[in-house]
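**Q** Sequence:
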Amino acid sequence: MKNLILIRHSKSSWDAPVQDIDRSISQRGVRDAHLIASKTPKILPPSYIVWSSKAKRTQETAFIFSQYLSIPLETIRFSEDLYTFDAKSLEKSIKKCENSYDSLILFGHNEAITKFVNKFGDLYIDNVPTSGVVALQFDTDDWNNISKGQTKATLFPSQFKNEQSYK
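Numbering (the UniProt record's numbering), first residue to last: 1 to 167.
Hints in this document: simulated from the structure, not taken from any laboratory.
These numbers come from a predicted model, not from an experiment.
Hints may contain errors.
Ranges between beta-carbon positions, derived for each pair [to be verified]: (1) 126 / 47: 14 to 22 angstroms; (2) 89 / 150: 33 to 41 angstroms; (3) 147 / 85: 18 to 26 angstroms; (4) 19 / 45: 29 to 37 angstroms; (5) 162 / 44: 30 to 38 angstroms; (6) 43 / 111: 17 to 25 angstroms; (7) 22 / 100: 20 to 28 angstroms; (8) 158 / 85: 16 to 24 angstroms; (9) 145 / 124: 29 to 37 angstroms.
Here a beta-carbon is modelled for each residue, glycine too, at the ideal position from N, C-alpha and C.
Produce the complete structure using the sequences and hints provided.
**A** Below you can see the structure in the form of structure tokens.
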């Protein structure tokens with residue numbers, strides 16, 4: 001079995017005139033990342049590796065999640081290849097994961113994430129929102145052979161909008 005947890009970066013800030021890759025997360029993004037990160041440990045496999053796009057907003061999101069998931073920052077692999085909005089490029093990167101790892105957490109971007117989870121999961125998702133988490137499981141021992149799998153869990157900020165911490 002292979003487990004893939006896709007996490008879309010938190011809401012971007014558009015306050016500063018910067019290149020897209022240098023865009024930070026907004027205050028709402030910080031709040032949503034903390035909210036969803038606090039729920040994520042319940043759906044994680046016992047061990048995993050972590051990859052992230054090199055974009056500033058995905059790195060900031062990964063840093064917030066790392067606090068809740070006890071991920072040492074130096075173990076996160078930041079990659080230029082994951083700064084993609086294309087599902088085929090995302091798929092290509094995921095299929096390169098070493099088979100010695102059964103579980104991968106990946107911080108990335110839309111529209112790649114939504115298209116990927118709809119191609120490989122068994123639950124249609126109109127749009128994976130910012131700070132959204134989708135956990136997929138594949139019945140294979142080879143990342144290169146992943147095909148239609150199971151959507152095991154989704155965690156979206158809107159699911160928790162009535163909680164005290166979501167203000």
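**Q** Could you run down the list of hints and mark each one as holding or not?
**A** So, going through the hints one by one against the coordinates:
1. 126 / 47: 14 to 22 angstroms: Because 32 angstroms falls outside the window, the suggested range is violated.
2. 89 / 150: 33 to 41 angstroms: For residue 150 against residue 89, whose Cβ atoms are near 23 angstroms apart, the range 33 to 41 angstroms is violated.
3. 147 / 85: 18 to 26 angstroms: 23 angstroms Cβ-Cβ, so the 18 to 26 angstroms window holds.
4. 19 / 45: 29 to 37 angstroms: With a Cβ separation near 35 angstroms, residue 19 and residue 45 satisfy 29 to 37 angstroms, so the hint holds.
5. 162 / 44: 30 to 38 angstroms: Given about 24 angstroms between the Cβ atoms, the range is violated.
6. 43 / 111: 17 to 25 angstroms: The hinted range 17 to 25 angstroms holds for residue 43 and residue 111, with Cβ atoms some 23 angstroms apart.
7. 22 / 100: 20 to 28 angstroms: violated, 34 angstroms
8. 158 / 85: 16 to 24 angstroms: holds, 22 angstroms
9. 145 / 124: 29 to 37 angstroms: violated, 23 angstroms
Consistency note: the structure conflicts with the earlier hints numbered 1, 2, 5, 7 and 9.
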